[in-house]
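The sequence shown begins at 24 in the working numbering and counts up one residue at a time.
It should be emphasised that the hints constitute simulated quantities derived from the structure, not laboratory data. A hint or two may mislead.
[Said to hold, decoys possible] With a straight-line Cα cutoff of 30 angstroms, these simulated DSBU-like cross-link-like pairs (lysine-lysine) come out:
(1) Lys44 to Lys131
(2) Lys122 to Lys48
(3) Lys131 to Lys48
(4) Lys44 to Lys122
(5) Lys44 to Lys132
(6) Lys122 to Lys132
(7) Lys48 to Lys132
[As the list claims (entries may be wrong)] With beta-carbon atoms standing in for the labels, derived distance ranges:
(8) Asp53 to Pro88: 17 to 23 angstroms
(9) His40 to Gly130: 17 to 23 angstroms
(10) Lys44 to His104: 14 to 20 angstroms
(11) Glu110 to Glu67: 29 to 35 angstroms
(12) Gly130 to Asp76: 19 to 25 angstroms
(13) Gly49 to Arg28: 28 to 34 angstroms
(14) Gln71 to Lys44: 16 to 22 angstroms
(15) Gln71 to Glu108: 30 to 36 angstroms
(16) Arg129 to Ile29: 19 to 25 angstroms
(17) His27 to Glu67: 24 to 30 angstroms
(18) Arg105 to Gly130: 31 to 37 angstroms
(19) Asp75 to Pro140: 33 to 39 angstroms
(20) Arg28 to Ser134: 31 to 37 angstroms
Note that this is a predicted model, so its numbers are computed, not measured. Heads up, the beta-carbon is just placed ideally off N, CA and C, and yes, glycines get one too.
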Amino acid sequence: MAGHRIFSTSFASIYPHYVAKVERKGHTVDELHQVITWLTGYDEAGLQRVLDDEVDMATFFERAPRMNPHASLITGMICGHRVEEIEDPLMQRIRYLDKLVDEVARGKKMSSILRQPTATAP
Numbered sequence: 024m025a026g027h028r029i030f031s032t033s034f035a036s037i038y039p040h041y042v043a044k045v046e047r048k049g050h051t052v053d054e055l056h057q058v059i060t061w062l063t064g065y066d067e068a069g070l071q072r073v074l075d076d077e078v079d080m081a082t083f084f085e086r087a088p089r090m091n092p093h094a095s096l097i098t099g100m101i102c103g104h105r106v107e108e109i110e111d112p113l114m115q116r117i118r119y120l121d122k123l124v125d126e127v128a129r130g131k132k133m134s135s136i137l138r139q140p141t142a143t144a145p
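Based on the sequences and whatever the hints tell you, model everything.
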């Protein structure tokens, strides 16, 4: 998927669609920001900076302060593909974010959306 069009699309152009999706379903921008922060490590100021600078999706993820080490726990279908089977790392990160936004919009509990590894019994 090298050179896929989404890679060069600005995060600022996609972000309003994320906002509209969650708000249309009765959820908040704060919830959206919570999942973006969980996945990427961007704080409010950092998120505003990437929006203002209109960085592309590749740069958005490249500059992410800290990709969540539990992101690989995100599984399921998005855009007809299983996110855990997407081979291109950038495309997978983009689809992880899409999946999280979908889950917020569907009203899934935040404790389930912000995945944590299950504790194993000793």
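Here is what the structure says about each hint:
1. Lys44 to Lys131: Between Lys44 and Lys131 the Cα gap is close to 14 angstroms, so the pair holds against 30 angstroms.
2. Lys122 to Lys48: 15 angstroms, holds
3. Lys131 to Lys48: Holds, at roughly 12 angstroms.
4. Lys44 to Lys122: 12 angstroms, holds
5. Lys44 to Lys132: Status holds; Cα separation ~17 angstroms.
6. Lys122 to Lys132: Answer holds: Lys122 to Lys132 is near 14 angstroms, not above 30 angstroms.
7. Lys48 to Lys132: Holds, because 14 angstroms separates the two Cα atoms, which is no more than 30 angstroms.
8. Asp53 to Pro88: 17 to 23 angstroms: 19 angstroms, holds
9. His40 to Gly130: 17 to 23 angstroms: 18 angstroms, holds
10. Lys44 to His104: 14 to 20 angstroms: 18 angstroms, holds
11. Glu110 to Glu67: 29 to 35 angstroms: Given about 33 angstroms between the Cβ atoms, the range holds.
12. Gly130 to Asp76: 19 to 25 angstroms: 32 angstroms, violated
13. Gly49 to Arg28: 28 to 34 angstroms: Taking Cβ atoms as reference, Gly49 and Arg28 lie about 31 angstroms apart, which means the hint holds.
14. Gln71 to Lys44: 16 to 22 angstroms: Holds - the Cβ-Cβ distance for Gln71 and Lys44, about 20 angstroms, lies within 16 to 22 angstroms.
15. Gln71 to Glu108: 30 to 36 angstroms: Since the Cβ atoms of Gln71 and Glu108 sit about 33 angstroms apart, the hinted range of 30 to 36 angstroms holds.
16. Arg129 to Ile29: 19 to 25 angstroms: For Arg129 and Ile29 the Cβ distance comes to about 22 angstroms; the hint holds.
17. His27 to Glu67: 24 to 30 angstroms: 29 angstroms, holds
18. Arg105 to Gly130: 31 to 37 angstroms: Given a distance of about 22 angstroms, which is not inside 31 to 37 angstroms, the answer is violated.
19. Asp75 to Pro140: 33 to 39 angstroms: With Cβ atoms ~35 angstroms apart, the hint holds.
20. Arg28 to Ser134: 31 to 37 angstroms: Once the Cβ atoms are compared, 35 angstroms apart, the range 31 to 37 angstroms for Ser134 and Arg28 holds.
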